[in-house]
Amino acid sequence: MNKQNFCDIFGEIDERYIVEAHAIHASAKHTVQTRRWFAAAACLCVLTVFAAFAVPLVSRTLPGGAQPHIDEPFFSTPATTGAPSVTPSDAPVPADRIAVNRPDELVSADIDCYTLHPEPTPDGQLAELDGFSENTGIDYRQFLSVFPERWTQRGAYMLFAPAALGADGEKEYRLHDYVFGFDTEGGGSITVSLCTFEAPLRDTYIMCDDPEPSEIGGATAYIYSDGVYFVAQFEAGALYFDLSGDALALDELTGLISSLVTLAAE
Amino acid sequence: MEDSAIIQLYWDRDERAVSATAERYGGYCTAIALNILGSREDAEECVSDTFLRAWNSIPPHRPAVLSAFLGKITRNLSLNRYRRNTAAKRGGGEITLALDELAECVPGGTPPDRELEHRDLVRAIDEFLSRLRPVERAMFVCRYWYFDGIGDISARFAKSENSVSVSLHRTRLKLHDFLTKRGFFE
Chain F
416 MNKQNFCDIF
426 GEIDERYIVE
436 AHAIHASAKH
446 TVQTRRWFAA
456 AACLCVLTVF
466 AAFAVPLVSR
476 TLPGGAQPHI
486 DEPFFSTPAT
496 TGAPSVTPSD
506 APVPADRIAV
516 NRPDELVSAD
526 IDCYTLHPEP
536 TPDGQLAELD
546 GFSENTGIDY
556 RQFLSVFPER
566 WTQRGAYMLF
576 APAALGADGE
586 KEYRLHDYVF
596 GFDTEGGGSI
606 TVSLCTFEAP
616 LRDTYIMCDD
626 PEPSEIGGAT
636 AYIYSDGVYF
646 VAQFEAGALY
656 FDLSGDALAL
666 DELTGLISSL
676 VTLAAE
Chain B
49 MEDSAIIQLY
59 WDRDERAVSA
69 TAERYGGYCT
79 AIALNILGSR
89 EDAEECVSDT
99 FLRAWNSIPP
109 HRPAVLSAFL
119 GKITRNLSLN
129 RYRRNTAAKR
139 GGGEITLALD
149 ELAECVPGGT
159 PPDRELEHRD
169 LVRAIDEFLS
179 RLRPVERAMF
189 VCRYWYFDGI
199 GDISARFAKS
209 ENSVSVSLHR
219 TRLKLHDFLT
229 KRGFFE
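Chains F and B supply the protein sequences, listed in that same order.
Letter by letter, the first sequence follows residues 416 to 681 in the numbering used here.
Letter by letter, the second sequence follows residues 49 to 234 in the numbering used here.
Hints may contain errors.
[Stated by the list, open to error] Here are some of the chain F residues that sit facing chain B, going by a computed Cβ distance under 10 Å:
1) Gln568
2) Asp624
3) Asp625
4) Glu627
[As the list claims (entries may be wrong)] Here are the simulated BS3-like pairs of lysine-lysine, each with C-alpha atoms no more than 25 Å apart in a straight line:
5) F:Lys418 x B:Lys120
6) F:Lys418 x B:Lys222
7) F:Lys418 x B:Lys229
Since the hints were derived computationally from the structure, they do not count as laboratory data.
Values in this document were obtained by computation on a predicted structure and should not be read as measured data.
We put the CB at the ideal spot given by N, CA and C, even for glycine.
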């Protein structure tokens, strides 16, 4: 095979990546021109919505619409107790090394997706997301027990993205992410996304040259923060996680990552 | 005009489909062709041919993503013209450098001559891309699908040219290893 054959074959890659790269073109240009990190408005192209948005998808971005208070202390809410309470076993967090990277730039992109929110149960509770346990290998209740009881679950939904073109040329969507939103007792919020085959989708890309990895609970994680908002990305077991939010103590975040790593590895 | 409306014009055999496409995607297609051909005259001819090809293929085709559909046609037509130009020893845009770089990803051996193997290779590349971090993947696609210059990518991603080159180099090596481990072209 020569480079020209390979070039032709590369031309047939998934259209999703072609669109993604083009979307970053336009958005990045805008961001560089404005030189303002947080003016990068998150914009999703939600094609189809089957139910009301209990959790706005835009909440997955870093940051939201408001200007951050960059001068405030990093991770503004201190842990309520010494040890992170998010670990069910209260086991010490094996945080070998924590590195928090400051993003150089944030680049927003339109992504082609739709979300599906489950109907609430008759008693008003959030229903289990379809196929969660089967697809992730994690018991749904056990997964939710990882999060502190003092947090309020805001919602949960499934996000679908184009996978391929069908035989009739129509775009076929497949389940990409399970997404969970929580409000913390300190007034912050956290969104947890997980995917079984690649990193969960984001509508804001983090530009950071050579980010330093953290080693948490035996997994390698990348943590980014501007001082208030944070993003943490890691792979554990056969799952890919993306956590984002604000106003969370660093030890709470690392404790949560550690718990999720432990759960995914079981 | 929205993509769905433009596609409907094609299906209705309404010639306004072409002008609407040119208005919305003329710049996009021209940029791809110009990257490959390095000549505005050649690029504009390829873009005109793209619109003609779209007119002839919609219907029966109904593109899921119109931009990618047009971009693929432009890329293919431009590559074909680039090969003709190269044989005639003229022209050539950013692609000359990009192709040399891409050679690093290509394991030796014969090209896949069966449709099934061809599709397997595309699937393997898709899988490889899915494992990359989004920014890394987007830069790789910008360089080897769109044939953007290193300087352009550097500006768009707010990175130094050296940083972009290093990232692309690493990704090429990773792709080479990935495909070799998958047993392609042994």
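A quick look at each hint next to the structure:
1. Given the 10 Å rule on beta carbons, the hint for Gln568 of chain F is violated: about 27 Å separates it from the nearest Cβ of chain B.
2. Nearest Cβ of chain B to the Cβ of Asp624 of chain F: about 6 Å, under the 10 Å cut. The hint holds.
3. The interface hint given for Asp625 of chain F is met, as the beta carbon of that residue sits about 8 Å from the closest beta carbon of chain B, less than 10 Å.
4. The restraint placing Glu627 of chain F at the interface with chain B is violated, with a minimum CB-CB distance near 14 Å, outside the 10 Å limit.
5. In summary, the hint linking Lys418 of chain F to Lys120 of chain B is supported, as the alpha carbons are separated by about 18 Å, within the 25 Å threshold.
6. Simply put, Lys418 of chain F and Lys222 of chain B have alpha-carbon atoms about 16 Å apart, close enough for the 25 Å limit, and the pair holds.
7. The straight-line distance between the Cα atoms of Lys418 of chain F and Lys229 of chain B is roughly 19 Å, inside the 25 Å bound, and the hint therefore holds.
Checked against the numbered hints above, the structure breaks hints 1 and 4 and satisfies the rest.
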